[in-house]
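Q: Make the full structure from the sequences, and use the hints.
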Amino acid sequence: MNIINIEHIAKIYQVGTEEVHALSDISLKINKHEYVAIMGPSGSGKSTLMNMLGCLDTPTSGIYEFKEKNVSDMTDNQLAQIRNKEIGFVFQTFNLLSRSDAIHNVELPLIYAGVSYSERRERAKTALIDVGLKDRMHHKPNELSGGQRQRVAIARALVTRPSIILADEPTGNLDSKTGEEIMILFNEIYEKGNTIILVTHEEYIAEHAARIIRLKDGLIEKDEAVVMRKVPVVREGIGVAGSKD
Amino acid sequence: MRTILFEMKESMLIALRAIRANKVRSILTMLGIIIGVTSVVVMTTAITGIDNSFKNGISALGSDVLYIDKWAWFSNEDWWKMRNRRNLTMDDYEKFKEAAKLPLAVAPVMDTRQTVKYRDRRTDDVMVNGSTSDYVKTTNFTFAAGRFYSEIESKSSRQIAVLGSEVAKNLFPREDAVDKTVKIGGVNYMVIGVLTEQGSFLLGSFNPDNQVFVPIGTIFKNFANHLHSSVTINVRAANPALLEDTKAEAEGLMRKIRGLSYDEDNDFSINQQEGMMETYNSIAGVIQIAGLFITGLSLFVGAIGIMNIMFVSVKERTKEIGLRKAIGAKRRTILGQFLLESSTICIMGGLIGLLLAILLSMMVNQFIPTSIQYSAVVVAILISLLTGVIAGFAPAYTAAKLDPVEALRYE
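Chains as they are written, first to last, in the working numbering: chain A, -14 to 230; chain B, 1190 to 1600.
Hints are not guaranteed to be accurate.
Stated by the list, open to error - Straight-line alpha carbon distances no greater than 25 angstroms define the calculated DSS-like cross-link-like pairs of lysine-lysine that follow:
#1 Lys1590(B) with Lys1504(B)
#2 Lys110(A) with Lys177(A)
#3 Lys1410(B) with Lys1372(B)
#4 Lys1286(B) with Lys1244(B)
#5 Lys1270(B) with Lys1445(B)
#6 Lys1590(B) with Lys70(A)
#7 Lys1410(B) with Lys1369(B)
#8 Lys1198(B) with Lys70(A)
#9 Lys1306(B) with Lys1410(B)
#10 Lys1436(B) with Lys1259(B)
#11 Lys1198(B) with Lys110(A)
#12 Lys1284(B) with Lys1326(B)
#13 Lys1508(B) with Lys70(A)
#14 Lys1244(B) with Lys1358(B)
#15 Lys1445(B) with Lys1198(B)
#16 Lys1358(B) with Lys125(A)
#17 Lys1284(B) with Lys1445(B)
#18 Lys1198(B) with Lys125(A)
#19 Lys125(A) with Lys1504(B)
#20 Lys54(A) with Lys17(A)
#21 Lys1436(B) with Lys1198(B)
#22 Lys1284(B) with Lys1436(B)
#23 Lys1290(B) with Lys1445(B)
#24 Lys125(A) with Lys1212(B)
It should be emphasised that the hints constitute simulated quantities derived from the structure, not laboratory data. Note that the coordinates shown come from a computational prediction; the quantities given were computed from them, not determined experimentally.
A: Here is the structure:
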């Protein structure tokens, strides 16, 4: 089943008197349980496409169907609901609430979904355990390392059991070792049957996906299936379960 | 419904965290509201207090009593013209009393301010009223001890006095006043009665409890300089319904007694409580409007402070707003969050202001009577809530309308 079906979408921004075609003509389909990387140099439109896919923005023209529902002409509130229920965001800068502890950060989307306190806590706990932060539930972001913060963010993305996980440069603010650990975590999440869309400009990171879509000047340059980069031989003690970052 | 409840709880949590995280800023912001609410509450309690005490005081005058006087108590009449009127004399009183049919009681009053002493205690500037035994019938006096003087005592100008409650309290803090001898303006009087407290006036220096009543003859006898002063004639109508008739009769009689021809103006005034009430109401009205305007202004300034700080808060948390929207917060959620934050600041400020106001009212109560009412508490909280919502709306709306993409990108 298609989760995402995009047909000929374009996004045009008005900058002063000039029209900027951030996306010119993009068509693509993403199925359930895919692991897609979107690549491209800056200015290629990958951020715009990501915002579109994440229902943060609507296209100027074209059709965007999310699970066969037309997103293009949804209201702000309907988009908010789709984002809440169907999409899990992971950002480069983590975007955690600095004054809240890990578990509260993770349960946040469930509050907006109207889930009861006890269920919320239970699910947030499970999600944190899944990303290897069993002992860090009541730590605030400033008490956590970069890798741990990103794990909290991933737990927050997973907690609503979304149809897709949308990760925007998730390793951009991490050192390569920690970044690799996060990619291992994404692999695990994918193995559990989730659909992941990864936006990155690093070839090395994109190679973790099974399909790479390359953008250039608002168009798809190349859309190819690749052999997933096997998880490298993990040095002892850096595994997901260990999470000693 | 449930979602809204959870969102509210989350918003409350955010608001409290934000306030705690920016303690100094929050307190400074609150200060505007604290000052505003304090002044509103103190103002209202003071006005209510003044109002109550005035109305208590004025009721001592009696709504069915007329005061025929050389002076109009409350009017725009020319002061010089009134000054040049002939004095009202005891003779006028005698004639009036003889001829008047409608009044329940008629009594002449001649007053003088004197120092009253008892042994080594003294109280200055006491209003000493000379009158007849009928005076008590023109009042609603009740007695804490003793009695008023009788007709015989009055006619024979005996050296006896009835003390107002404050005078008695000042001179006899721990003992019974009746049968003691006090000195009024240097002359001995025996106390025969003490009145119960009537409540104090605020306007003017007239305090009904700081009075002494003596037979009118003793005033003329002991204070000769008053021999040619003007007498006031107190006239009590048989019942309040007859007040207007009594007034008409009094006016006609007085014109006749004073020998005025039809084209001459009255050379006396007939005063009544109503006039006092009107004057008071107009003064109180001005005080109220001015007070509410000033306090309203301070609240307005406070509200601007709140609005300002909420705009800052929205700006600072743009990224957080972006995140919340990205993970599913709707416009109304964000709007509610910031409204709740500004309301919380305002209500906290309001409660502190209320507390201050209560303390202040207690202090002010030493000088002018205040009266804190439960309604003031409700009003204070409502006012602060309203201020919070109004001041917070524009910033909250700005936050709610933020584009999540832009907001997430904001550094």
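Q: Hints first: check each against the structure and report whether it holds.
A: The hints, checked one at a time:
1. Lys1590(B) with Lys1504(B): Status holds; Cα separation ~13 angstroms.
2. Lys110(A) with Lys177(A): Holds, at about 18 angstroms.
3. Lys1410(B) with Lys1372(B): It holds: about 15 angstroms lies between the C-alpha atoms, which stays within 25 angstroms.
4. Lys1286(B) with Lys1244(B): 30 angstroms, violated
5. Lys1270(B) with Lys1445(B): Holds - the C-alpha atoms of Lys1445(B) and Lys1270(B) are around 20 angstroms apart, at most 25 angstroms.
6. Lys1590(B) with Lys70(A): With Cα atoms ~21 angstroms apart, Lys1590(B) and Lys70(A) stay inside 25 angstroms; holds.
7. Lys1410(B) with Lys1369(B): 21 angstroms, holds
8. Lys1198(B) with Lys70(A): 20 angstroms, holds
9. Lys1306(B) with Lys1410(B): Given that 25 angstroms is the threshold and the Cα spacing comes to 19 angstroms, the pair holds.
10. Lys1436(B) with Lys1259(B): Holds, at about 16 angstroms.
11. Lys1198(B) with Lys110(A): Holds. Lys1198(B) to Lys110(A) sits at ~20 angstroms (cutoff 25 angstroms).
12. Lys1284(B) with Lys1326(B): Holds - the C-alpha atoms of Lys1326(B) and Lys1284(B) are around 19 angstroms apart, at most 25 angstroms.
13. Lys1508(B) with Lys70(A): Given pair Lys1508(B), Lys70(A) holds - Cα atoms ~21 angstroms apart, limit 25 angstroms.
14. Lys1244(B) with Lys1358(B): OK: Lys1244(B) and Lys1358(B) at ~23 angstroms, within 25 angstroms.
15. Lys1445(B) with Lys1198(B): Violated, at roughly 81 angstroms.
16. Lys1358(B) with Lys125(A): 68 angstroms, violated
17. Lys1284(B) with Lys1445(B): Satisfied, since the Cα-Cα distance of roughly 10 angstroms is no more than 25 angstroms.
18. Lys1198(B) with Lys125(A): Holds, because 20 angstroms separates the two Cα atoms, which is no more than 25 angstroms.
19. Lys125(A) with Lys1504(B): 23 angstroms, holds
20. Lys54(A) with Lys17(A): 15 angstroms, holds
21. Lys1436(B) with Lys1198(B): Status violated; Cα separation ~68 angstroms.
22. Lys1284(B) with Lys1436(B): Answer holds: Lys1284(B) to Lys1436(B) is near 16 angstroms, not above 25 angstroms.
23. Lys1290(B) with Lys1445(B): Holds, at about 15 angstroms.
24. Lys125(A) with Lys1212(B): Since the Cα atoms of Lys125(A) and Lys1212(B) sit roughly 19 angstroms apart, the hinted pair holds (cutoff 25 angstroms).
In the structure shown, a violation is registered for the earlier hints numbered 4, 15, 16 and 21, in ascending order.
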